[in-house]
Amino acid sequence: MANLKEIKRKIASVKGTQKTTRAMKLVSSAKLKRAEEIATRSKVYATKLTELLTEIAQKMSQSNEEGIDNVFMKENKNPKRVDIVFVTSDKGLCGGFNHQTIKQANKIMQEYIDAGVEVRLSGVGKKGIAFFKYNQVEMLNQIDDLSSKPDYARSTELISSLVKDYVAGETDKIILIHNGYVNMIMQKVHTQQLLPVDVSTLEITNSVALSEMEVEPDDDDTLLDALVQKYVEYSMYYALLDSLAAEHSARMQAMDAATNNAGEMVKKLSVKYNKARQEAITTELIEIISGMESLK
Amino acid sequence: MELMKLEIVTPNGVIFDDEVKQVTVPGGEGEFGILAGHATVVSLLDTGVISIERKDNRVVSVAVNGGYVKVDEEKTLCMVDGAVALSGDDTNLAKAISEAKELLEKAQSSSTTIAAAISKVESIKK
Numbered sequence: 006m007a008n009l010k011e012i013k014r015k016i017a018s019v020k021g022t023q024k025t026t027r028a029m030k031l032v033s034s035a036k037l038k039r040a041e042e043i044a045t046r047s048k049v050y051a052t053k054l055t056e057l058l059t060e061i062a063q064k065m066s067q068s069n070e071e072g073i074d075n076v077f078m079k080e081n082k083n084p085k086r087v088d089i090v091f092v093t094s095d096k097g098l099c100g101g102f103n104h105q106t107i108k109q110a111n112k113i114m115q116e117y118i119d120a121g122v123e124v125r126l127s128g129v130g131k132k133g134i135a136f137f138k139y140n141q142v143e144m145l146n147q148i149d150d151l152s153s154k155p156d157y158a159r160s161t162e163l164i165s166s167l168v169k170d171y172v173a174g175e176t177d178k179i180i181l182i183h184n185g186y187v188n189m190i191m192q193k194v195h196t197q198q199l200l201p202v203d204v205s206t207l208e209i210t211n212s213v214a215l216s217e218m219e220v221e222p223d224d225d226d227t228l229l230d231a232l233v234q235k236y237v238e239y240s241m242y243y244a245l246l247d248s249l250a251a252e253h254s255a256r257m258q259a260m261d262a263a264t265n266n267a268g269e270m271v272k273k274l275s276v277k278y279n280k281a282r283q284e285a286i287t288t289e290l291i292e293i294i295s296g297m298e299s300l301k
Numbered sequence: 736m737e738l739m740k741l742e743i744v745t746p747n748g749v750i751f752d753d754e755v756k757q758v759t760v761p762g763g764e765g766e767f768g769i770l771a772g773h774a775t776v777v778s779l780l781d782t783g784v785i786s787i788e789r790k791d792n793r794v795v796s797v798a799v800n801g802g803y804v805k806v807d808e809e810k811t812l813c814m815v816d817g818a819v820a821l822s823g824d825d826t827n828l829a830k831a832i833s834e835a836k837e838l839l840e841k842a843q844s845s846s847t848t849i850a851a852a853i854s855k856v857e858s859i860k861k
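Going line by line, the protein sequences match chains Y and U. Counting from 6, one number per residue, gives the positions in the first sequence under the numbering used here. Counting from 736, one number per residue, gives the positions in the second sequence under the numbering used here.
So here's chain Y without its partners, still in its complex pose (with noise of 0.2 Å):
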């Protein structure tokens, strides 16, 4: 009779976890959307920023026979110094959305390291944070709170510190890894090199003459000096909502599966239970009869 009582709680006790995690994911399908939307706000600004970036860069290089001669395009072919970045989420409970991060960073950094360069970590989201700090790696920057709720001066104030680095020369790369959404059910992790820029991964737009672009102020360092700096910042700072639209959904699916089984665990449960109290009324049945048997 013990087994049945505690069959019941079980079944109690599954329930209730089943309710907690249907509740986690109509709270992460709403923020989901929210962050969706302002994902894909943002993206156009991204895009065309973008753009506009590699229509100088272009006209720049078309000028200049050599190549581009700017400090933030001119890749140092042996860095001695690498800056990694990476966002993670500041809560838990969204499958494997952070550890893939964090595999790619491990991964990137480990790659260095063999190459004898120095790596210094930045991390952002708590989850990262912990689990670099459990391995003992060191981070130069961590920073709590700001992928749960983005915010461009924060952002603005990590990666600035990190450019300063770099243009005094005491980094050759930045180097920005997270996990972005690629829609409901899927995420994908994106490595991107963010200083110095890499021209040759931008895609090549046809549009104008560019020879024929006029540039204002005219020397063209200024301009291309202010939009690669927006660039960066920019990037960080859509890195930042695309990690969080895509952490929700992980999430949410997350949660989705959790409630799902949860629900096929109360199935066997209750299969258990209720065989349970067929044997324990057929034993009662059998001790009715025997004891008839024996008064006969």
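Heads up, some of the hints might be wrong.
[What the hints assert, rightly or not] With the C-beta cut set under 8 Å, the calculated list includes, among others, these residues of chain U facing chain Y: (1) N747; (2) V776; (3) L812.
[As the list claims (entries may be wrong)] In silico DSSO-like links for lysine-lysine, alpha-carbon gap of 27 Å or less: (4) Y:K132 <-> Y:K30; (5) Y:K280 <-> Y:K15; (6) Y:K53 <-> U:K841; (7) U:K841 <-> Y:K235; (8) U:K841 <-> Y:K169; (9) Y:K48 <-> Y:K38; (10) Y:K235 <-> Y:K64; (11) Y:K280 <-> Y:K13; (12) Y:K277 <-> Y:K24; (13) U:K790 <-> Y:K53; (14) Y:K38 <-> Y:K53; (15) Y:K272 <-> Y:K10; (16) Y:K64 <-> U:K740; (17) U:K810 <-> Y:K53; (18) Y:K112 <-> Y:K138; (19) U:K836 <-> Y:K235; (20) U:K790 <-> U:K830; (21) Y:K273 <-> Y:K20; (22) Y:K48 <-> U:K740; (23) U:K740 <-> U:K855; (24) Y:K64 <-> Y:K178; (25) Y:K85 <-> Y:K138; (26) Y:K24 <-> Y:K108; (27) Y:K24 <-> Y:K132; (28) U:K841 <-> Y:K154; (29) Y:K38 <-> Y:K132; (30) Y:K48 <-> U:K841; (31) Y:K30 <-> Y:K193; (32) Y:K30 <-> Y:K10; (33) U:K810 <-> Y:K235; (34) Y:K53 <-> U:K740; (35) Y:K108 <-> Y:K193; (36) Y:K235 <-> U:K740; (37) Y:K53 <-> U:K756; (38) U:K810 <-> Y:K64; (39) U:K810 <-> Y:K48.
FYI, nobody ran anything at the bench for these hints, they're computed from the structure. Predicted model, so just to flag it, every value in this text is computed and none were measured. For each residue, glycine too, the CB sits at the ideal point set by N, CA and C.
Following the hints, position chain U against chain Y.
Relative to chain Y, chain U alone:
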């Protein structure tokens, strides 16, 4: 009068996308007007006011806090960090103007540029 396409994009999305007659923007090296058929140009934008002459000859002003403008054969594209459109009826306009002033005050430009932009915004009220 020939029309041209104008698009104003901010990090929060596209805030203006229509055909217009003329637009005047606060360029990094001085204000300039753009008509259809303007030469291809890319310029920095300073903090200030973009004024747009629409198809129906209404003039709309948009306060911006810096960015870029790209003009090519097809269209004029303004990319700005923040923008507040100064339009609507009296109550909305008053609200928009105070919002615009707030935006401009926060901008990172020289104080004279900001002061000039604010006085421009205020002049719309009258």
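Status of the hints after comparison with the structure:
Interface hint at N747 (chain U): satisfied, since its Cβ lies 6 Å from the closest Cβ of chain Y, which is below the 8 Å cut-off. The closest approach between the C-beta of V776 (chain U) and any C-beta of chain Y is roughly 4 Å, which is under the 8 Å cut-off, so the hint is satisfied. For L812 (chain U), the interface hint holds, since its Cβ comes within 8 Å of a Cβ in chain Y; the closest pair sits about 6 Å apart. Only pairs whose Cα atoms come within 27 Å are accepted, and K132 (chain Y) paired with K30 (chain Y) is accepted, the gap being roughly 20 Å.
Restraint check for K280 (chain Y) and K15 (chain Y): satisfied, since their Cα atoms lie roughly 15 Å apart, inside the 27 Å limit. Between K53 (chain Y) and K841 (chain U) the CA atoms are separated by roughly 24 Å; this keeps the pair inside 27 Å, and the hint holds. Simply put, K841 (chain U) and K235 (chain Y) have alpha-carbon atoms about 17 Å apart, close enough for the 27 Å limit, and the pair holds. At roughly 23 Å between alpha-carbon atoms, K841 (chain U) and K169 (chain Y) fall within 27 Å of each other, so this suggested pair holds.
Restraint check: the Cα-Cα separation between K48 (chain Y) and K38 (chain Y) comes to about 15 Å, which is no more than 27 Å; the hinted pair holds. Distance hint between K235 (chain Y) and K64 (chain Y) is fulfilled; the C-alpha atoms sit about 19 Å from each other, no more than 27 Å. At most 27 Å may separate the alpha-carbon atoms for a hinted pair to count; K280 (chain Y) and K13 (chain Y) meet this at roughly 12 Å. Taking the CA atoms of K277 (chain Y) and K24 (chain Y), the gap is near 22 Å; set against the 27 Å cutoff, the hint holds.
The suggested pairing of K790 (chain U) with K53 (chain Y) holds, with an alpha-carbon distance near 25 Å, which does not exceed 27 Å. At roughly 24 Å between alpha-carbon atoms, K38 (chain Y) and K53 (chain Y) fall within 27 Å of each other, so this suggested pair holds. Only pairs whose Cα atoms come within 27 Å are accepted, and K272 (chain Y) paired with K10 (chain Y) is accepted, the gap being roughly 16 Å. With a C-alpha separation of about 24 Å, the suggested pair K64 (chain Y) and K740 (chain U) falls inside the 27 Å cut-off, and the hint holds.
For the given pair, K810 (chain U) sits about 13 Å from K53 (chain Y) by alpha-carbon distance, which is consistent with the 27 Å threshold. For the hint pairing K112 (chain Y) with K138 (chain Y), the CA-to-CA distance comes to about 17 Å; that is within 27 Å, so the pair holds. A threshold of 27 Å between alpha carbons decides the hint, and for K836 (chain U) with K235 (chain Y) the separation of about 23 Å falls inside it, so the pair holds. For the given pair, K790 (chain U) sits about 25 Å from K830 (chain U) by alpha-carbon distance, which is consistent with the 27 Å threshold.
Only pairs whose Cα atoms come within 27 Å are accepted, and K273 (chain Y) paired with K20 (chain Y) is accepted, the gap being roughly 12 Å. Of the pairs offered as hints, the one joining K48 (chain Y) and K740 (chain U) holds, with about 21 Å between alpha carbons and a cut-off of 27 Å not exceeded. Between K740 (chain U) and K855 (chain U), the direct Cα distance comes to roughly 25 Å. Compliance with the 27 Å bound is thereby established for this hinted pair. Distance check on the hinted pair: K64 (chain Y) and K178 (chain Y) sit about 24 Å apart at the alpha-carbon level, within 27 Å; holds.
Proximity of K85 (chain Y) to K138 (chain Y) is assessed by CA-CA distance (about 24 Å); at most 27 Å being required, the pair is judged to hold. For the given pair, K24 (chain Y) sits about 32 Å from K108 (chain Y) by alpha-carbon distance, which is inconsistent with the 27 Å threshold. Note on K24 (chain Y) and K132 (chain Y): the hinted pairing holds, with a Cα-Cα distance of about 25 Å set against a maximum of 27 Å. Annotation: proposed proximity of K841 (chain U) to K154 (chain Y) holds, straight-line Cα distance about 21 Å (limit 27 Å).
Only pairs whose Cα atoms come within 27 Å are accepted, and K38 (chain Y) paired with K132 (chain Y) is accepted, the gap being roughly 23 Å. At roughly 24 Å between alpha-carbon atoms, K48 (chain Y) and K841 (chain U) fall within 27 Å of each other, so this suggested pair holds. The suggested pairing of K30 (chain Y) with K193 (chain Y) holds, with an alpha-carbon distance near 20 Å, which does not exceed 27 Å. For the suggested pair K30 (chain Y) and K10 (chain Y), the alpha carbons sit about 30 Å apart, so the restraint of at most 27 Å is broken.
The hinted pair formed by K810 (chain U) and K235 (chain Y) meets the criterion: a straight-line CA distance of about 22 Å does not exceed 27 Å. For the hint pairing K53 (chain Y) with K740 (chain U), the CA-to-CA distance comes to about 15 Å; that is within 27 Å, so the pair holds. Straight-line distance between C-alpha atoms of K108 (chain Y) and K193 (chain Y) comes to about 13 Å, which keeps the hinted pair within the 27 Å bound. The straight-line distance between the Cα atoms of K235 (chain Y) and K740 (chain U) is roughly 25 Å, inside the 27 Å bound, and the hint therefore holds.
Between K53 (chain Y) and K756 (chain U) the alpha-carbon distance is near 23 Å, which keeps this suggested pair within the 27 Å criterion. The straight-line distance between the Cα atoms of K810 (chain U) and K64 (chain Y) is roughly 19 Å, inside the 27 Å bound, and the hint therefore holds. The straight-line distance between the Cα atoms of K810 (chain U) and K48 (chain Y) is roughly 20 Å, inside the 27 Å bound, and the hint therefore holds.
Of the hints listed earlier, those the structure fails to meet are numbers 26 and 32, in rising order.
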